[in-house]
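J.: Okay, here's what each chain looks like letter by letter:
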Amino acid sequence: MDFSLSEEQELLQSTVRSFVERECDPRTAHAVFDGERTAVASLWAGLVDMGLPGLSLPEAHGGSGRELLDLALVAEELGRGAVPVPFLGHALAALVLARHGSEAQQATWSPGLASGGVRATVALAENGGCWLPGEWGAELEDGRVTGRKTFVPEADGADLFVVGCRGGGLALVEGGSSVRVEEGSTLDRGRPLYSVVFEAAPAEVVEGAAAVTLIDAASTLLAADAFGAAHRLIRATAAYLQTREQFGRPLATFQGLKHQLANMVAELDPSRGLWWYAGHAFDHAPAEASRAAALAKAHITERAQQVARDCVEAHGGIGFTWECDVQIWFKRVMFDRLWLGAPDAHRERYAALEGW
Amino acid sequence: MNLRFGEEYEKLRESVRAFCTESWPLQGGEAELGEREQGILWRKRALEAGILYRTVPSEYGGAGAEPDVMAETVIRQELDRAGVPHRASVQGTHMLVPTLLECGTEEQRREYIERTLTGELLWCQGYSEPGAGSDLASLQSRAELDGDEWVLNGQKIWTSNADVADMMFGLFRTEPEQPRHGGISYLLVPMSAPGLDVRPLKMMQGGRDFCEVFFDGVRIPARNIVGARGDGWQVSRSTLKHERMLIGDTHASRTSFDALVALAREVRKDGRPAIADSGVRQRLASVAGYLAAQEWAVARMLTAMHQNRDMEVISELLTTKLSSTNLQQQIAKLALDLIPDAGLREPAPDEAMMGIRAFTPGRWVSQYMFTLAQSIAGGTSNVQRNLIGERVLGLPRDPRPPAA
Ligand SMILES: Cc1cc2nc3c(=O)[nH]c(=O)nc-3n(C[C@H](O)[C@H](O)[C@H](O)COP(=O)(O)OP(=O)(O)OC[C@H]3O[C@@H](n4cnc5c(N)ncnc54)[C@H](O)[C@@H]3O)c2cc1C
Numbered sequence: 001m002d003f004s005l006s007e008e009q010e011l012l013q014s015t016v017r018s019f020v021e022r023e024c025d026p027r028t029a030h031a032v033f034d035g036e037r038t039a040v041a042s043l044w045a046g047l048v049d050m051g052l053p054g055l056s057l058p059e060a061h062g063g064s065g066r067e068l069l070d071l072a073l074v075a076e077e078l079g080r081g082a083v084p085v086p087f088l089g090h091a092l093a094a095l096v097l098a099r100h101g102s103e104a105q106q107a108t109w110s111p112g113l114a115s116g117g118v119r120a121t122v123a124l125a126e127n128g129g130c131w132l133p134g135e136w137g138a139e140l141e142d143g144r145v146t147g148r149k150t151f152v153p154e155a156d157g158a159d160l161f162v163v164g165c166r167g168g169g170l171a172l173v174e175g176g177s178s179v180r181v182e183e184g185s186t187l188d189r190g191r192p193l194y195s196v197v198f199e200a201a202p203a204e205v206v207e208g209a210a211a212v213t214l215i216d217a218a219s220t221l222l223a224a225d226a227f228g229a230a231h232r233l234i235r236a237t238a239a240y241l242q243t244r245e246q247f248g249r250p251l252a253t254f255q256g257l258k259h260q261l262a263n264m265v266a267e268l269d270p271s272r273g274l275w276w277y278a279g280h281a282f283d284h285a286p287a288e289a290s291r292a293a294a295l296a297k298a299h300i301t302e303r304a305q306q307v308a309r310d311c312v313e314a315h316g317g318i319g320f321t322w323e324c325d326v327q328i329w330f331k332r333v334m335f336d337r338l339w340l341g342a343p344d345a346h347r348e349r350y351a352a353l354e355g356w
Numbered sequence: 357m358n359l360r361f362g363e364e365y366e367k368l369r370e371s372v373r374a375f376c377t378e379s380w381p382l383q384g385g386e387a388e389l390g391e392r393e394q395g396i397l398w399r400k401r402a403l404e405a406g407i408l409y410r411t412v413p414s415e416y417g418g419a420g421a422e423p424d425v426m427a428e429t430v431i432r433q434e435l436d437r438a439g440v441p442h443r444a445s446v447q448g449t450h451m452l453v454p455t456l457l458e459c460g461t462e463e464q465r466r467e468y469i470e471r472t473l474t475g476e477l478l479w480c481q482g483y484s485e486p487g488a489g490s491d492l493a494s495l496q497s498r499a500e501l502d503g504d505e506w507v508l509n510g511q512k513i514w515t516s517n518a519d520v521a522d523m524m525f526g527l528f529r530t531e532p533e534q535p536r537h538g539g540i541s542y543l544l545v546p547m548s549a550p551g552l553d554v555r556p557l558k559m560m561q562g563g564r565d566f567c568e569v570f571f572d573g574v575r576i577p578a579r580n581i582v583g584a585r586g587d588g589w590q591v592s593r594s595t596l597k598h599e600r601m602l603i604g605d606t607h608a609s610r611t612s613f614d615a616l617v618a619l620a621r622e623v624r625k626d627g628r629p630a631i632a633d634s635g636v637r638q639r640l641a642s643v644a645g646y647l648a649a650q651e652w653a654v655a656r657m658l659t660a661m662h663q664n665r666d667m668e669v670i671s672e673l674l675t676t677k678l679s680s681t682n683l684q685q686q687i688a689k690l691a692l693d694l695i696p697d698a699g700l701r702e703p704a705p706d707e708a709m710m711g712i713r714a715f716t717p718g719r720w721v722s723q724y725m726f727t728l729a730q731s732i733a734g735g736t737s738n739v740q741r742n743l744i745g746e747r748v749l750g751l752p753r754d755p756r757p758p759a760a
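Going line by line, the protein sequences match chains R and B. Everything in the first sequence is counted per our numbering, starting at 1 for the first residue and increasing by one. Everything in the second sequence is counted per our numbering, starting at 357 for the first residue and increasing by one.
Keep in mind that a hint or two might mislead.
Derived DEER-like restraints, expressed as beta-carbon distance ranges [as the list claims (entries may be wrong)]:
(1) Gly627(B) x Gly129(R): 26 to 34 angstroms
(2) Asn738(B) x Arg27(R): 50 to 58 angstroms
(3) Gln590(B) x Gln242(R): 29 to 37 angstroms
Don't read these hints as lab results, they were simulated from the structure. Backbone N, C-alpha and C define an ideal beta-carbon position, used for all residues, glycine too.
All chains should be modelled from the sequences, with the hints used to inform the complete structure.
T.: See the structure below:
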């Protein structure tokens, strides 16, 4: 039994981590939050250089044929750095194509997706918090998709959309005149969300149980992202409290704060294995994959959100400002918790899968 | 990552399984023996077969095997599954034995280890005192050397199983002029010694398990010291690294969680099984998240320890007690909410005993209280929080008492 990462996975993770540390310090994230988005393109280009957009695509099509756990390790690092890049939608679309695309679909799209020449995203949610396949209403008829999707990440400038349709199927839609992207407002400004209207847009069906793949993978990536973000927040807060003095001594010397931080560690840190296992099960224990993914998403994003709230409090007034780093990671985690549905929906999904 | 144990370990699993089927339950006249005698007999056979405590050297009753956390895990899984009486009391097997292996004399090892592993010899841990709990190093019970005997005076408290134990391993102040940690020795005390008085304390849930122990001029042989005079603190710490073997045990949590799910299927809420109620499903799934997290954290720790990469899992190692305490308490709380009326009745005496037996409503009521002991015994939750803050996050240590 070996519940650890392979050397290759450790290398991938440390490569991404040092890239993020070098290229995306909190000032970069702040700049993006303040509307200065120039860094986004160069960060994405850096990810492209590391081969991340094609991580899950087959080698024959220019990808590296890696697994969901590898993507999740990248997500952890992007969450840790609150890196403002269009990774989530692209990684999910590429994974769906890699696992369920026909030969022809793969030949058409994979090389571009892998090289970053084509950018893709996923369009799932519809009005009123309808995130899961059974709730999708977009119509797919005669090779055309019609419907309005909300909370589509990084839709602006996307070349390819994976769209959830009525009945739980997925369709591939190329950006173009019958696809209208509407500006919206996004709390996590590092990962802008859009509404997208498909007006009888030409579409190709993705065969097989692709929607389950998409939901499980998305759940796992969100959990990993939230874990990375909350893990960093705890450490950053501990560091801040070592420097801030009140009553003539560093705040970190007060046991009340020490215990609050220790509780955060005890709530969050042991849950790493949940998303590791969800990633692993996706490729190696398919019968377990949905349960593991639902549990990881529900448990970790819930824990991470509480950590983020507690970290604001531990900072005092400064923690409540726009200038403080904490708000950025707080919103990163809020996105992870709510995108694809709040934890209750995933706990219910888990309960149903357990046969309760 | 590979979650299969591999051929070598699966073979081991097979052989443990076969041994269990053959050896348990006991047959014929042996089946008539009392519960304790049956357990001793079975453990003797399991030791001979090299299944229990396999890393203990063969001169002391073990199999002298190389440490291998994976093998221990496979074996424990099979023993739990088979329901054999493999757990002798942990004070002896998990605290005293490793300490003797590390610091004991040859004579002490030969005299105590094997009989402790079989459960013939029962131990209690005499550390806490009325004035020394979390701050254990402030303990006051003392031992003075008089010829070739130690003379003990003072008091221990909260000593689990002192009323049934044959021996105590305890900490006593032997060098009164030395500061706190420096003046303590680790002594082995027969509970039958004259001048030693055990008074059981009744626990909140009504059961009896821990006691007060009074020492009034109790005489024990001078050789009953483990390690050197004044080294007792270090000797007692050597146990800690062996206690890690206990962490692989999420068995108790899994067992009570399964019982909780069964309870939710059985009891009714608003005219249908409670498990169909969305509030109950939410809480169950939430607890399931904590449980699965703990199980995977253990898998990660085991792997890291197997690869000698312990430092990478320091956070998991140090949070494991607090996490499993919280988890067990959540399970008990949810169970009680499913059977609220039971909480108005006092548990029957056998339901108030420690250890997992059948999960009757009264048993859940006891469990609701008993899981609180986990936040106190073996280092309180606050003490755990200090450790996590200091060792995981590098926060400053709490102020220590002046070395006086
Ligand atoms: C069921 C049970 C079985 C036990 N079995 C044994 C046994 O077999 N042998 C044995 O020797 N002992 C045993 N104990 C005793 C146990 O180890 C002690 O109770 C424990 O170490 C706490 O000491 P205390 O009771 O004196 O509490 P105290 O140390 O007085 O603590 C009281 C409260 O103060 C908090 N506190 C203490 N110090 C700090 C600090 N520095 N910072 C913040 N908070 C602090 C604690 O967390 C606790 O909440 C047992 C206890 C129980 C409940």
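J.: Of the numbered hints stated earlier in the document, which are not met by this structure?
T.: 2
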